[in-house]
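**Student:** Letter by letter, the chains look like this.
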Amino acid sequence: MEVAVIKYNAGNVQSVLYALERLGANAILTDDFERISTADKVIFPGQGEASTAMRYLKEKKLDLLIPELKQPFFGVCLGQQLLCEHSEENDTTCLGVFPVKVKRFQPESINEFKVPHVGWNSISDLRSPLFEGLNEDSFVYYVHSYYCELSEHTIASTNYVLDFAALMHKDNFYTMQAHPEKSGLVGERILQNFLNL
Amino acid sequence: MLTKRIIPCLDIKDGRTVKGVNFVQLRDAGDPVELAKIYSDEGADELVFLDITATVDKRKTLADLVTKVAKAINIPFTVGGGISTVEDVKVLLNAGADKISINSAAVKNPEIINQMAQEFGSQCVVVAIDTRNVDGLDFVHTHGGRKPTILQTQAWAKEVCERGAGEILLTSMDHDGTKAGFANEITAEISAMLSIPVIASGGAGNMEHFKDVFTVGKADAALAASIFHFKEIPIPSLKSYLHHQGIPSRI
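So the protein lines, in turn, are chains A and B.
Sequential numbering from 1 applies to the first sequence in full-length UniProt numbering.
Sequential numbering from 1 applies to the second sequence in full-length UniProt numbering.
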């Protein structure tokens, strides 16, 4: 089985590759159309700013390829947000796989809620094979200032300022806002479950 | 619910852990990778590696170490010590570090915070501030707390936040090494002032100190070194204690 990790100007890609290596997966980092199209699984990592990332994807024409892919696809962190319709981060039109909007956390008081949302928070109301072997309220590691709104595609939610979509699923597309590669055994299990799909 | 983070700090010199580390299960007491793995397995929420290597030519060793750590553990870690340029940061992030921390370099050239945040994102820029109380006022100190500056700690914390720091690692040099508890007053003051998380450091001696720094000190995370290294407070016991005290913890 070959796992293509989409190469673009996003941070933390190396950590995703190391995590896949620990799971024994055969992962390659690539922006090549052919390699991505024929891979058994595709992972779309990300950390960074939405409009810059979209610009890069367009330059490489990956914005056209990604929504057409048919194999199990996993968007992580910024990868989740880019699969949505629109992000408030620099008013960016995204890939539109999920009819979901990405908004910025707007807490009323910084004393109660810091932004970015940094650290370990729980995922609840789990409903997907991605959570095989995991308990309700498992902890995952977050670093983000923007969140995806709840929708019919939400398969787990997290509460910070409000309830937001922690993980989403539609057809072959799965996404996760937190970092599975940095979420200890819980994150490894989610990645493994994705690889088992 | 977002949990409070417990962060062991490992001092590194020439790619090895320094300060006596007292772990019976360690085959090699100086191997940072093995120690990192143990902390990660025990439930540490993050790790900080502080490089105290003096010479520039040994920096390569640090990048190699970062790669080994990134391959071995599945929790986030920060690397600090002697980082002064965007290029230094790039090397360490590419090697697999999740965040870097800068201290003296930011005091010397505050603009570097903006540059690093712009280039890599605020989420990976931690600004470490060493503070000491001098005649009732808090001043930033550099060089391991030995060298005073004219910067007032509160004003500097606000400035680094505005320049794009993602987190602040606040060490009280008055409390560091005392085991008498964290500097709750200034930690609370700075945490309440800023929109970014504050990691408290310096003074941890018992489990109650951690509870206090999260409640009274309003810290988002707490960092300690020797009490973890010498097994005075095992991380699982600390997590369980905090949980029972009503502090949100990942257990």
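If you're looking for bench data, these hints aren't it; they were derived computationally from the structure.
Please note: incorrect hints may appear among the correct ones.
Straight line, CA to CA, 25 Å or less: simulated SDA-like cross-link-like pairs of lysine to any residue [unchecked claim]: (1) 60(A) - 162(B); (2) 7(A) - 86(B); (3) 218(B) - 115(A); (4) 71(B) - 101(A); (5) 101(A) - 1(B); (6) 103(A) - 118(B); (7) 218(B) - 246(B); (8) 218(B) - 112(A); (9) 90(B) - 21(A); (10) 218(B) - 161(A); (11) 71(B) - 40(A); (12) 158(B) - 108(A); (13) 218(B) - 160(A); (14) 103(A) - 38(B); (15) 158(B) - 7(A); (16) 103(A) - 162(B).
Listing some non-contacts, in silico: residues in chain A with all C-beta distances to chain B over 12 Å [stated by the list, open to error]: (17) 17; (18) 114; (19) 179.
Note that CB positions come from ideal geometry on N, CA and C, so glycine has one too.
**Student:** Now, for every hint given, state plainly whether the structure supports it.
**Tutor:** Hints and how they fare:
{"no.": "1", "hint": "60(A) - 162(B)", "verdict": "34 Å, violated"}
{"no.": "2", "hint": "7(A) - 86(B)", "verdict": "22 Å, holds"}
{"no.": "3", "hint": "218(B) - 115(A)", "verdict": "15 Å, holds"}
{"no.": "4", "hint": "71(B) - 101(A)", "verdict": "35 Å, violated"}
{"no.": "5", "hint": "101(A) - 1(B)", "verdict": "23 Å, holds"}
{"no.": "6", "hint": "103(A) - 118(B)", "verdict": "21 Å, holds"}
{"no.": "7", "hint": "218(B) - 246(B)", "verdict": "14 Å, holds"}
{"no.": "8", "hint": "218(B) - 112(A)", "verdict": "10 Å, holds"}
{"no.": "9", "hint": "90(B) - 21(A)", "verdict": "22 Å, holds"}
{"no.": "10", "hint": "218(B) - 161(A)", "verdict": "17 Å, holds"}
{"no.": "11", "hint": "71(B) - 40(A)", "verdict": "24 Å, holds"}
{"no.": "12", "hint": "158(B) - 108(A)", "verdict": "19 Å, holds"}
{"no.": "13", "hint": "218(B) - 160(A)", "verdict": "17 Å, holds"}
{"no.": "14", "hint": "103(A) - 38(B)", "verdict": "38 Å, violated"}
{"no.": "15", "hint": "158(B) - 7(A)", "verdict": "36 Å, violated"}
{"no.": "16", "hint": "103(A) - 162(B)", "verdict": "22 Å, holds"}
{"no.": "17", "hint": "17", "verdict": "9 Å, violated"}
{"no.": "18", "hint": "114", "verdict": "5 Å, violated"}
{"no.": "19", "hint": "179", "verdict": "8 Å, violated"}
Violation of the numbered hints given earlier is confined to hints 1, 4, 14, 15, 17, 18 and 19; the remaining hints are satisfied by the structure.
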